[in-house]
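*Asks:* Count along the sequence shown starting at 1, add 11, and that's the number in this note's numbering.
Among these hints, one or two may not hold up.
[What the hints assert, rightly or not] Simulated pairs of lysine-lysine, PhoX-like, Cα-Cα distance not exceeding 25 Å:
| no. | residue 1 | residue 2 |
| --- | --- | --- |
| 1 | 445 | 399 |
| 2 | 318 | 296 |
| 3 | 392 | 379 |
| 4 | 353 | 318 |
| 5 | 445 | 483 |
| 6 | 607 | 686 |
| 7 | 90 | 198 |
| 8 | 90 | 169 |
| 9 | 379 | 399 |
| 10 | 607 | 573 |
I should point out that these hints are in silico values taken from the structure, not numbers from a laboratory.
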Amino acid sequence: MAALDSLSLFTGLGLSEQKARETLKNTALSAQLREAATQAQQTLGSTIDKATGTLLYGLASRLRDTRRLSFLVSYIASKKIHTEPQLSAALEYVRSHPLDPIDTVDFEQECGVGVIVTPEQIEEAVEAAINRHQPQLLVERYHFNMGLLMGEARAVLKWADGKMIKNEVDMQVLHLLGPKLEADLEKKPKVAKARLEETDRRTAKDVMENGENYKTPGYVVTPHTMNLLKQHLEITGGQVRTRFPPEPNGILHIGHAKAINFNFGYAKANNGICFLRFDDTNPEKEEAKFFSAICDMVAWLGYTPYKVTYASDYFDQLYTWAVELIRRGLAYVCHQRVEELKGHNTLPSPWRDRPTEESLLLFEAMRKGKFSEGEATLRMKLVMEDGKMDPVAYRVKYIPHHRTGDKWCIYPTYDYTHCLCDSIEHITHSLCTKEFQARRSSYFWLCNALDIYCPVQWEYGRLNLHYAVVSKRKILQLVATGAVRDWDDPRLFTLTALRRRGFPPEAINSFCARVGVTVAQTTMEPHLLEACVRDVLNDTAPRAMAVLESLRVIITNFPAAKSLDIQVPNFPADETKGFHQVPFAPIVFIERTDFKEEPEPGFKRLAWGQPVGLRHTGYVIKLQRVVKGPSGSVESLEVTCRRADAGEKPKAFIHWVSQPLMCEVRLYERLFQHKNPEDPTEVPGGFLSDLNLASLHVVEAALVDCSVALARPFDKFQFERLGYFSVDPDSHQGKLVFNRTVTLKEDPGKV
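Starting from the given sequences, assemble the full structure and let the hints guide the process.
*Replies:* Shown next, in the form of structure tokens:
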């Protein structure tokens, strides 16, 4: 049908010309609406009233199973379905009953066919709703949420026309309150948006009920579907099953933390189970250290898998199914090279239609090692959403596998393995990041091609951070060039790096919860993650005192013959959490920046004529002499002390150490200078040209109080006035190494 004819047809349904033109741009929608309108005209003639046209448009835009189009159009054209609630019920019914034949008696009962709602019934229902809320209505007047009244009336009269209910509400409210006054016209203050966690909880909850896979948009229903779902429910007992399926060819990063939280968290919230399944289908890039590191990180985040599995556990079954695909004429052996397979909308393979028996023999030859790498692949006969034609299912690789050894020289691809392993493990919710949406059709196609249980794939937006790269290939480049030390360098955003820097797992989980689960890709600022870290460490990191750039201070009138023991609270805001003891001797060390011979206006710490308090001691020190070296630099100070309560309160109290331990402190800044180091428009020279050369500053001779002497790697402290610090694994007996996790407050320049 010509575009002009379609435009005329659509406007004849009551659509505005603009809406009709927009509809024409959507090929699938316009084709379905055209078919619906044409069928309706066979009953109603060429003229269709606007109310019916609106229902037909709603049907065409919302119906997923096109087999039901004629059935539903007949009910609309005959006026048996004549309201929006009836249409919604009809669409839900056909979605919930995908198999033929439809029980028309049950269908009509569920859709309110033949039910007549009188104006008197609507009037009574609205009046009852208004009476229930009359006191609040009289106070709030027209600022009252009228939708509440309409909702309650609709709950009583399910099949009533929505417009009639609204008109009745408007009329009765006007009769009760009278015309709107000036105060009624004032805008109501905006209500704060629902918290992210609550919104996300609803989003996750709405994914799907176990066993109702067929209700998911795009899910393919076959004659075997309902029986397979029944068997699946018998095996799982209706239990929710998710999985976290990393490739063991790199270290997990902050984006994986979101996937871990979503998969394990969704299962836990629904009393289900979550598998940790390694997608170990590419032995070329897999290393033992990655397997153990991934397990460590999952445990570190606080999650325990129901079972640790491997794609290689199922290699025998996957091979058997590949043979079955060939037998069914749905896969073939191809000899095109990798370069020829790249891209989308490529030409069909010249071997696509080779005889089944020939492909079976060649696939067996592939398994027996009779082809070189790249000389033959097994391809599936389907076209994916992105136009990629006949994705590869198996390829030849002469590399021993870490678990199966030399048993195989052909290995399955992700496109082939992913959905089949989900089916074997009876996963109920295959939760994937958005980039896998283009593979959803192949996911459904492959399970249905083999007549096995088909899980539902549900996509969500991945989590990215500014000022970061998480690509495995690019992190390897950073390591190779010496820009970072290894995968766990604290300037990276791998999970091992964040742990080494001192980020608590609770903070990462909290950050993932705040970001939430949406379809949109999310790129967050690092300072939001750091805020979560501060929230946790403020309550969990005991206080200590450390001096980075020290200045020696001699107290000439020290009040005791030997050092004093000072009790310092681990958490000053909550002394019930205990104390630790530090020595206070005649020689103390303070930060060099806490003293100035010639202070600028506003400087409140130690200076001539300006005493300063020493935290936790109850003493104030006053400058008496500045000792300088040959170069003129300050080497030490001589001071006197007095009790803090024996005179005027000083303007400031500073931290200090006495009889300290020497340690190394590593101070970290952002690794990259720009928000998006991988964006060529922002960084034309590439991400390696964007490195911040001042991202690491090492203080080799810092001083820390003796309360941390027995600290172990990953123990965390707040060094008073300096920030939060974590013990690095490089620490050894006699010398602790600390990483600065975050400063006490966010640098305003970073926000």
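*Asks:* Taking the earlier hints as the rules, which of them does this structure contradict?
*Replies:* Violated hints (numbers, rising): 4, 6, 7, 9, 10; every other hint is consistent with the structure.
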